[in-house]
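Same order as they appear, the protein sequences are chains A and B. For the first sequence, the working numbering gives the first residue as 2, with consecutive numbering after it. For the second sequence, the working numbering gives the first residue as 11, with consecutive numbering after it.
No false leads were slipped in.
Here are the simulated DSS-like pairs of lysine-lysine, each with C-alpha atoms no more than 27 Å apart in a straight line:
{"#": "1", "chain 1": "B", "residue 1": "Lys118", "chain 2": "A", "residue 2": "Lys206"}
{"#": "2", "chain 1": "A", "residue 1": "Lys68", "chain 2": "A", "residue 2": "Lys38"}
{"#": "3", "chain 1": "B", "residue 1": "Lys52", "chain 2": "A", "residue 2": "Lys248"}
{"#": "4", "chain 1": "A", "residue 1": "Lys247", "chain 2": "B", "residue 2": "Lys160"}
Computed footprint of chain A on chain B, listed as stretches where at least three residues anywhere in the stretch have a Cβ under 8 Å from a Cβ of chain A:
{"#": "5", "stretch": "48 to 57"}
{"#": "6", "stretch": "74 to 84"}
{"#": "7", "stretch": "160 to 172"}
Under 8 Å between C-beta atoms, here's a sample of chain A residues computed to sit facing chain B:
{"#": "8", "residue": "Gly39"}
{"#": "9", "residue": "Ala45"}
{"#": "10", "residue": "Arg155"}
{"#": "11", "residue": "Gly195"}
Hints listed in this document are in silico derivations from the structure and should not be mistaken for laboratory results. Glycine is no exception: its CB is placed at the ideal position from the N, C-alpha and C atoms.
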Amino acid sequence: MRYAYYPGCSAHSTARDMHESADAVARLLGIDLVEMKGWSCCGATSAHQTDRVMAASLPAANLLLAKEMGLDTVVTCAACYSRMKAANHEITSSADMRAAVADAVGQPYDGSVRVRHFVEILLEDVGIDKLRKRFKKSLNGLKVASYYGCLLVRPSNVTHFDDPENPTSLDRLVTAMGGEGIDWPHKVECCGGGLNLTRTDVAVKLSASIVEMAAASGADCIAVACPMCQASLDLRQKDIDAATGKKHHMPVLYITQLLGLCLDIPEKELGLNRLMVSPAGVLKALQPASSHKV
Amino acid sequence: MTIKIKKQSEKGLRQTAEEMSGVDLSLCYQCKKCASGCPVTKYTQSPPSEIIRRLHLGAGDELLESDLVWMCLSCETCYGRCPMDINIPAVIDALRSLALEKGAKSPKGDMPLFNRKFLETVKAYGRSYDLSMIMGYKLGSGSLMQDVEKFPSMLAKGKMAVLPPLGAEKKVVKRIFDRSKQAKGKKK
Chain A
2 MRYAYYPGCS
12 AHSTARDMHE
22 SADAVARLLG
32 IDLVEMKGWS
42 CCGATSAHQT
52 DRVMAASLPA
62 ANLLLAKEMG
72 LDTVVTCAAC
82 YSRMKAANHE
92 ITSSADMRAA
102 VADAVGQPYD
112 GSVRVRHFVE
122 ILLEDVGIDK
132 LRKRFKKSLN
142 GLKVASYYGC
152 LLVRPSNVTH
162 FDDPENPTSL
172 DRLVTAMGGE
182 GIDWPHKVEC
192 CGGGLNLTRT
202 DVAVKLSASI
212 VEMAAASGAD
222 CIAVACPMCQ
232 ASLDLRQKDI
242 DAATGKKHHM
252 PVLYITQLLG
262 LCLDIPEKEL
272 GLNRLMVSPA
282 GVLKALQPAS
292 SHKV
Chain B
11 MTIKIKKQSE
21 KGLRQTAEEM
31 SGVDLSLCYQ
41 CKKCASGCPV
51 TKYTQSPPSE
61 IIRRLHLGAG
71 DELLESDLVW
81 MCLSCETCYG
91 RCPMDINIPA
101 VIDALRSLAL
111 EKGAKSPKGD
121 MPLFNRKFLE
131 TVKAYGRSYD
141 LSMIMGYKLG
151 SGSLMQDVEK
161 FPSMLAKGKM
171 AVLPPLGAEK
181 KVVKRIFDRS
191 KQAKGKKK
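Chain B extracted, bound-state conformation (with noise of 0.2 Å):
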């Protein structure tokens, strides 16, 4: 297989991903070992192995909307059996913050909407409220049809908590959202 990739500046993201999650990449000998587990191959275009190289070889910002970003489920299972202790899930986690920051497309599937959805829950009542997070991500993803036939059964089943959480110290968590703001904000 060809690998293309589009060189934006002299050290593409490698350095900057390398820095963001500790990993060095140059231990990888590209033994596939990731993508033969990795449950996602089967579905992605370029597999944990294939972004490793596309990084080796000075990919730039475009590596950002490679499918496998949102895709990767975060089950370590690369991880676990990479023969160099790659800790490749956390290039991802990587990845997908530069992503946020530099706006870059999602593919299919919005992730970040999910995960800005459930994060509002969090801050705003310092645990989270699945019926309000599910209803933010169907509203802004246009699937609000999707999986609609479950509901009657997990409410009469008590599996979907119909009042928001109580109960949690909400002080500390919203310092730790305004810390997370600060960051970003120095940062930019």
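Isolated chain A, as found in the complex (with noise of 0.2 Å):
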């Protein structure tokens, strides 16, 4: 199983425990994430609200970078992820937007390269019987909020991950670690990230609501796999706190993190020491795997 990995720009910064994660999990399972050499930033949202084919050119670069490796490219970031495809599809949908990219990175690119977020490859390429047989700790029955948010599930004609209302991909990964996959209605609603700094009040207003439906829905802990919604809940919580008079105690961890503690990799090498709101909750459910009955 070998990828060529983009890691994005957040992996140096603001979400060093989803890279430091996923690549503790990969290595641990035998995945070869191979990084892009010389990768650049995918544009984010910024560029596609400025400009269409800048917004195709930029992931289009690292999609080359891919095809010249011959690799398929594996995402941890969901917005990297959701820009990669959406190139992708605007790239193979319009001739115009293809000569257009061309002429902008300097070669041509046909929208050919496969993409796929580390989520996808855990599930379809190694597969939960086997992944199961790996853990050698348990959630023992944790209550897990998944929550997928905006941009791995649309629109689901260009990302084709899951289903977009009902999404389950991150649930199935949480009950073959021993925990429980709550059902709660705000699995796909959005935390406001694209705000969180223009109009951060009403941000805050949108991740309150998905932090606050988590705890009344019975949730121990919140499972992301998007750098943005975990900036938004975690970082933003005491905000949260402050903008509805509650006190919260959410932790919100990367799918990667919970993986990587059931794999019984330390703590320090999935960044655990860098989330605002402390997981000791969900650290003192762990069990040894064998005393978990399935």
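Make the complex out of the two chains shown on their own, each in a separate frame, by following the hints.
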């Protein structure tokens, strides 16, 4: 299992823990993530809000690196994933766009490099059964609210990731780890991440509704696969408390951090020390996998 | 609710927005499913369905100053749920490009400034550089003190890189930015 790995800019900044935990999990499972040499920014929301050709060209420059490597691209950030998928979609569906992108990046690109999220690799290429055998620890009935947000699942004709209204990919991983993937209504609501700096008031209200709904649904923690969702719910949890007048202690972990814990990878390698809301409650729930009855 | 529009030209903005986004707005029959699911409907003056209706009615450049243009989160919920499969986020992106081109006023919270600062770091380093982008935005928008209490813990936990990012192939990124500038020059 070998892939061209695109870490994305946040891997060295706000989402170092996402990058560290995915890397540690991949190494343990024998997934070879070969970092693209010279990768550059996907353009994120700012590029597609500004210039449509630029928004397709920035991801294309990176997908061309993967093409040279002859490998599928693997992404851990949901936002980069979405931008790369959108670029492929635009490039394959319009000859004008294909020509404009070729001109911008200096070589033709046909939109054919397969882009996959790390979660898809775990579910489709490794497989739940194989994963389950590797777990040394169990979440032991811990109630986990799997939060998918926007960019993994929408638009579904572009991302083709799971069901856009009721996805279960993260829940399946949670169940395999011995946790309880709770049924809750905010799986694919928006956290407001895009307005985090410019309209913090609105962003905090949207993030608050997600943390509050998870708490009301009985969750012990939230599992995410997007660095913007993670920041909105974890880094902003004090702002959420101030806005709602309630004190929340809702740990927000990357799914790869939970997987790492069950694979018995040391906490430090999973970047757990970087979380703002302490994951102590999650750590306390862990039990040796053998004691967990399936 | 009454919608009032100013007619500034015969065809208004509709045709341009349709051409830029590749979307056929005549498909919309105003079911308002987009407005129901939109996370910012509660906070905006004009939900997505109303933006489309205004375009139907021949709205001109004043539409570019609607707050949804820059409040839209690009969450794609409207597109995901539209029974006619209308790519509303693509229409909003087209309105954003037009708003920038025509120098339309942006509502509270300066998203164009944020985007500019973000893209400046990408152009300079090939990757985004949060610290520089955030400082640039805060200086430009006068929101210097907001969230300042978060910096010490972010730095301590290694969630904010102090030094600029290294390792990107900057040549291709520069080329993409140059081509974008040239294309804008040609349009004018």
